Amino acid sequence: MVPYLFVLAPIALLVTFTYVPVANMFAYSVTDWDGLDRVKNFVGLANYVDVFTEPDNLRVFVVSLYYLGASFVQMALALYFATVLSFRVRLKNLWKGILFFPYLINGVAIGLIFLNFIRPGGGLDSALLAVGLESVIRQWTGDPEVINYTLAAVSVWRYMGLNFVMFLGAIASVPGEIYEAAELDGANRWHQFRHLILPSIKPIVGLSFILAISGSLSVFEVPYIMTNGGNGSETFVIRTIKMAFENNKVGLASAMAVVLLAIVLVVTCVQRRLVPEEKVDLT
Amino acid sequence: MLLTRMTRATVVMAGTAAMVALAACGGGGGGGGEPGAQDMDPETCGPAGDLTVLTWRTDLVEDGTFDAYVADFKEAYPEIGDVDIQGITDYEGEVKTRMSTDDYGDVLAIPGSVSPDQLSQFFEPLGELSEMQTQYRWVEPESFEGLSYGIPVVGNVMGAVYNVEVFESAGVTDFATTPEEFLTDLEAVKAANPGIAPLYTNYKDGWPLTAWQSYVGGVSGDPEFTNGMTTDEAPWSGGSDMEVIDGLLYDVVAQGLTEADPTTTNWEQSKQMLATGQIGVMMLGSWAIPQMQDAAEAAGESRDIIGYMPFPVQTDGTFHAVAGGDYNLAINVHSSNKCAARAWIDWFNHESGFSESQIGLSPLVDGPVPESLQAFIEDVELVEMAAAPEGQESLFSDIDTESGILTTSPDYRMKIVDDARSGARTKQQVFDDLNAAWGEAVQAVSAG
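If you read the sequences in order, they're chains A and B.
With the numbering used here, letter number 126 in the first sequence gets 126, and the count goes up by one each step, no holes.
With the numbering used here, letter number 135 in the second sequence gets 135, and the count goes up by one each step, no holes.
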């Protein structure tokens with residue numbers, strides 16, 4: 001009996017604060033509730049149809065593609081730095097710290113920092129002027145052609161450090177004597193990367209690729225703070241929140257949240273399938 | 001964005017947490033007082049006991065203005081116990097969530113998202129509409145089926161705040177009487193003051209753009225304009241209010257007479273920029289005047305540098321300006337102390353001097369006009385938008401929601417600004433798309 005009593009407390013909390021609200025969210029998603037009315041009318045799957053048919057709702061998926069593309073750039077950079085810093089480098093820990101630091105900063109602070117950095121006449125423009133690149137200067141968030149690249153780049157800056165640390169950890173698990181053996185066989189750094197490091201960290205790279213998909217749909221903080229979703233930078237989550245709290249379409253917003261949840265679940269499943277938790281054999 | 005399970009989880013949380021928070025507060029209901037069960041005439045019911053008041057004016061809570069109000073109120077009604085003033089920053093969002101419980105104070109302002117047919121679910125009727133109208137202005141919008149549920153604390157008129165010196169330096173001394181003339185004036189302002197934003201949209205913050213919707217009715221001077229839109233399948237045509245207002249927004253942006261990069265605007269900063277002449281004009285209601293004057297004083301300028309002009313259209317040779325109530329005070333239908341709540345509302349409107357201190361119009365029919373607005377009021381004919389006919393109180397908002405345009409949302413006008421800057425859609429295409437969406441919604445809603 002006693003063990004059950006101990007389990008009861010966390011279960012009660014979990015049910016109250018996770019499962020009941022999520023169940024409510026499912027219930028709202030098939031109603032036309034405006035967030036206020038005491039009466040909620042059942043509308044079936046109309047909200048789900050809206051999520052995938054209204055042009056304004058579909059636009060947010062296009063915006064996700066920018067972030068998906070950026071996540072590949074981010075992984076390439078992370079892999080590059082992780083590889084370089086896994087070899088003997090001076091001030092190794094300092095570089096690691098510098099690369100990882102952005103991830104430690106709060107997303108709101110990052111949004112505010114970059115807001116000032118990229119505003120017209122701000123830090124970025126001054127830096128470009130100083131090196132004679134004034135022809136490159138444009139309205140980084142004001143130009144609808146550029147805005148999503150700008151915001152995606154900020155995301156890369158922010159999250160690259162985390163990828164970097166993950167890759168670095170994976171690389172560290174490669175035993176040192178294998179490098180020595182490779183060097184004796186005449187392998188250069190590129191060969192070592194191509195034939196030793198990459199195969200041994202393949203699972204973690206694969207994992208990162210898959211998570212990039214759900215990650216790019218869930219982009220929120222940076223565009224929300226920097227542009228409030230304006231000028232064509234609205235993402236899926238920003239739109240969900242606007243629908244719920246500005247447009248009073250809680251039913252539709254719940255449906256969007258359910259869709260996001262479903263996508264995340266599917267991606268997690270696929271990831272489990274594709275990346276079995278097996279040991280890598282280097283011999 | 002991106003990649004790790006941890007980040008993914010966090011961001012998904014951001015999306016769903018908001019929903020979940022909302023969901024967690026669902027249910028409730030029951031309990032509390034019943035409508036009409038308590039005597040609410042402060043003369044006879046004897047206001048006493050504790051009172052909770054929700055307000056959106058956090059600035060007035062912080063600077064002690066409300067403390068003074070409470071002290072005065074207690075002097076008038078010595079039996080009153082504690083008055084708990086709760087200032088709420090995100091008033092709309094937070095109060096809406098609290099309203100899914102019974103605990104949303106005794107006195108509160110009716111959030112904008114409550115549609116007329118929902119009023120009776122949440123608020124105590126304050127009296128017959130026809131009777132209330134003999135005493136108060138702008139009570140129709142928050143009434144339903146002949147009963148009134150809220151009284152505005154202050155009335156606003158819709159014009160535009162501008163920097164007098166900036167316009168004078170450009171040789172503009174008369175108010176523009178047509179949108180075209182207004183654009184020419186702004187060109188002159190730009191030429192005389194290179195580098196400033198002749199008109200500042202406050203695009204980034206979004207909500208200042210919603211003010212544009214409040215000029216509806218002030219173009220034609222037609223108090224029935226909004227009601228007419230419920231049967232008009234193409235309201236953005238024929239020089240209608242909607243066409244003129246959105247057309248002006250489109251033109252002013254397309255001609256480069258607004259800030260260069262709207263995505264980096266800043267509301268707090270804009271006040272100081274207007275005061276120091278970096279901005280010519282901002283399209284905001286009269287509520288903005290005291291804030292701009294304060295900013296001018298803080299910047300070492302005279303308060304008189306801030307002027308107020310009518311929307312640049314004349315109909316039948318006169319300017320029109322829409323006058324309407326700000327937030328309406330109402331009583332929680334579940335309140336256990338409706339007597340004291342009613343006493344607070346009546347006292348606030350009659351005795352507190354709030355509307356004058358805010359440079360707004362008094363909600364009382366025979367109330368005073370503040371000095372700063374006197375000149376403006378003499379230049380314009382005020383328009384009070386008519387209430388929807390009985391039985392159609394929610395028709396406009398139903399069509400508005402159905403069409404997906406949401407005339408009251410910032411997004412709608414942000415899109416117009418986007419198109420005007422990028423040229424992705426011409427002005428006529430914008431109107432055509434709006435007409436198509438609206439026309440479809442009119443048919444869908446009337447079909448039931």
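Honestly, the hints are just simulated from the structure, not real lab data.
None of the values given here were measured: they were computed from a predicted structure.
We put the CB at the ideal spot given by N, CA and C, even for glycine.
There may be inaccurate statements among the hints.
List of simulated lysine to any residue pairs, SDA-like, C-alpha gap at most 20 angstroms [said to hold, decoys possible]:
1. A/Lys40 to B/Lys74
2. A/Lys40 to B/Ser120
3. A/Lys40 to B/Ser394
4. B/Lys74 to B/Gly448
5. A/Lys202 to B/Ser115
6. A/Lys92 to B/Ser397
7. A/Lys40 to B/Trp347
8. A/Lys96 to B/Thr401
9. B/Lys190 to A/Lys40
10. A/Lys40 to B/Ser397
Simulated DEER-style distance windows between Cβ atoms [claimed, not checked]:
11. B/Gly146 to A/Leu14: 26 to 36 angstroms
12. B/Asp90 to A/Ala109: 19 to 29 angstroms
13. B/Ala260 to A/Val73: 39 to 49 angstroms
14. B/Ser169 to A/Ser126: 28 to 38 angstroms
15. B/Gln86 to A/Val39: 21 to 31 angstroms
If you want the footprint, here are the derived chain A segments under chain B, 3+ residues with CB under 8 angstroms [unchecked claim]:
16. 174-182
17. 230-237
Results of checking the hints against the structure:
no.	hint	result
1	A/Lys40 to B/Lys74	violated, 42 angstroms
2	A/Lys40 to B/Ser120	holds, 16 angstroms
3	A/Lys40 to B/Ser394	holds, 16 angstroms
4	B/Lys74 to B/Gly448	violated, 51 angstroms
5	A/Lys202 to B/Ser115	violated, 56 angstroms
6	A/Lys92 to B/Ser397	violated, 62 angstroms
7	A/Lys40 to B/Trp347	violated, 37 angstroms
8	A/Lys96 to B/Thr401	violated, 51 angstroms
9	B/Lys190 to A/Lys40	violated, 52 angstroms
10	A/Lys40 to B/Ser397	holds, 17 angstroms
11	B/Gly146 to A/Leu14: 26 to 36 angstroms	violated, 50 angstroms
12	B/Asp90 to A/Ala109: 19 to 29 angstroms	holds, 20 angstroms
13	B/Ala260 to A/Val73: 39 to 49 angstroms	violated, 29 angstroms
14	B/Ser169 to A/Ser126: 28 to 38 angstroms	holds, 30 angstroms
15	B/Gln86 to A/Val39: 21 to 31 angstroms	holds, 28 angstroms
16	174-182	violated (count 0)
17	230-237	holds (count 5)
Consistency with the previously given hints fails for numbers 1, 4, 5, 6, 7, 8, 9, 11, 13 and 16, ordered from lowest to highest.
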